[in-house]
Amino acid sequence: MSARVPFAIGLLAVGLVGALGGLMIGYVPYGPLAVLEGLAGHGDPVVTAIVREVRLPRTLLALEVGAALGLAGAALQGLLRNPLAEPGLIGVSSSAALGAVIAFHFGLMAWADWALPATAILGAATTTLILLMIARRAPGTLTLILSGIALSSLAGALTSLALNLAPNPYALNEMVLWLMGSIKDRSMNEVVLVLPFLIVGSGLLLATARGLDALTLGEETAQTLGVHLGRLRALVIVGIALVVGAAVSVSGAIGFVGLVVPHMMRPFVGHQPSRLLIPSALGGAALVTVADTLARVLPTHQEVMVGVLTAILGAPFFLALVLRHWRTMP
Amino acid sequence: MTGLVTGLAIEDVGVRIGGRTLVDGVTLEAPRGAVTGVIGPNGAGKSTLLRAIAGVLPHAGRVTLDGAPLPRPGSRARARLIGFLPQGQDVHWPVTARRAVELGRLPHLGPWQSLARADVAAVEAALAKTDSTRFADRPVTALSGGERARVLLARVLAAHTAVILADEPVAALDPGHQLAVMEMLCDEARAEHRAVVVVLHDLSLAARACERLVLMDQGRVVTAGPAEAVLASPWLDRVYAVRFGQGRVQAVPVVTPVRRLDVEECRREPQRHAS
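Protein sequences, first through last, are from chains A and B.
Following the UniProt record's numbering, the numbering of the first sequence begins with 1 at its first residue and continues without gaps.
Following the UniProt record's numbering, the numbering of the second sequence begins with 1 at its first residue and continues without gaps.
Since the hints were derived computationally from the structure, they do not count as laboratory data.
Quick reminder that beta carbons are idealized off the backbone N, C-alpha and C, glycines included.
You may find that some hints are simply not true.
Unchecked claim - Part of the chain B face toward chain A, derived, beta carbon under 7 Å:
no., residue
1, 56
2, 75
3, 76
4, 79
5, 86
6, 94
Please build the complete structure, drawing on both the sequences and the hints.
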């Protein structure tokens, strides 16, 4: 119990240091003092503009997206009782990406700024509703995972179709870049747009803490402990659709955060699913912030997309996990 | 309401899954203060019956506790009345034994409430009763089968439910711990006035620990009543297709299979055999 408070403070500190680094590091690096002055609005006007208009939205988005992905991963792994589960796995991320690509395809952003996030959330919600209906008719973890994989493939295929039939090279380029996952060149509009979905979705996911603990002993035992399984599944799925849909809509597909972070946090919380949720949100926020800062300082002639970076680091991690868990896989 | 004063009453309970009838018109009583053993061959519907009472499987018929119908399955109110120890030892995360036992207190906690002093006391008492305090801080997944079985039983005991349903609670245990667990369940029934229902395969243990026995076969109750009467029933051999020898060793009842019966002998009308 006593180890929990320093652990949470440590996580917060990593996130804050990462965020400060995110504000300092960039095309032109600034010292911490200049950044703080810029934030407060009474420093060099150029520094103030860059820090407030360019780097602050980016850093805040990194925190939001990371928290969303980390929390969603922890909740999903708890529900499925599988450390290999990831929001991408049940097709929510890819459906959100599909929704966004459709917006690109038809140039919906010319109508309104919010068209992109709206279609992404719609995509995530559609898949979530289908999954919910399947979960109600055919309960069981395996059904959920398999249907998720099927929906994920379908969303991937439709995304390819949209790219295939792209109206012009410019739109194609935009879609492909967006799919790689980045939080570059975002404004405070996006930061504010994500927030309500993130808050509501996180609230739903945090409300599942007890149920996820009970699931440690299996679905039947959880039921006899007074857990309404249908309601628990619905809360997790809707919560994940909200946070992941909103995150994907502003950042594109940033993979493996929801897989890696809960895994790293688990030993610190005694593997208890309920205690994993908030640390995973904090850890995800810290990880994406650090990864995004890293993406900026890598000496490449074009900035590396943060989604590409997380995938390059995350995929081998996933493979290592699979190899470690292969004996216990069903 | 049947003639029962207090306890669990099951009336005409049936379970159908995928068009197959697994439990058919089962009526039985499990009074408070006593251990009721459910015996019968594999596939008799014992586990299915227990899971139906626990609220995991939908069923036909009525289940009442002290004359009142049970709350909705999956509700916390029901979880506060009925504790269920399923077969098998599913523990999906390497949480410590103490954390696993604490899960037994979930039905008593509000959604955002953490363990109170009374909850912690209940958990520690359950760990002590099951001789599990020694390894309470080790991950459940790292324990031996017998140790894990005791921890999972402690989880049920910590809930302080009026009814305890245990599906083969001693299957993974050595003889010493088998006796200890059955004595503990008897003690829960008598001292705490709970209705305890236990599925058992070891008939000697059933004869020793259970006041009442229910013999099931093919989803139905063949005979039920005081343990001695059920074990003396001519149906026992036929249902198991085994000739049982019965006696006492140092005043302890022993029921042991002597030889298997062939189809012809099973079909014959049951006769009393010398015991």
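Status of each hint after checking the structure:
Given the 7 Å rule on beta carbons, the hint for residue 56 (chain B) holds: about 5 Å separates it from the nearest Cβ of chain A. Checking residue 75 (chain B) against chain A: minimum C-beta separation of about 6 Å stays under 7 Å; hint holds. A distance limit of 7 Å between C-beta atoms decides the matter here; for residue 76 (chain B) the minimum to chain A is near 3 Å, and the interface restraint holds. For the restraint placing residue 79 (chain B) at the interface with chain A, the shortest Cβ-Cβ distance is roughly 3 Å, inside the 7 Å limit, so the hint holds.
Look at residue 86 (chain B): its Cβ gets to within about 6 Å of chain A, closer than 7 Å, so that hint holds up. The beta carbon of residue 94 (chain B) is positioned within 7 Å of a beta carbon in chain A (closest approach about 5 Å), and the interface hint is therefore held.
Violation of the numbered hints given earlier is absent; every hint is satisfied by the structure.
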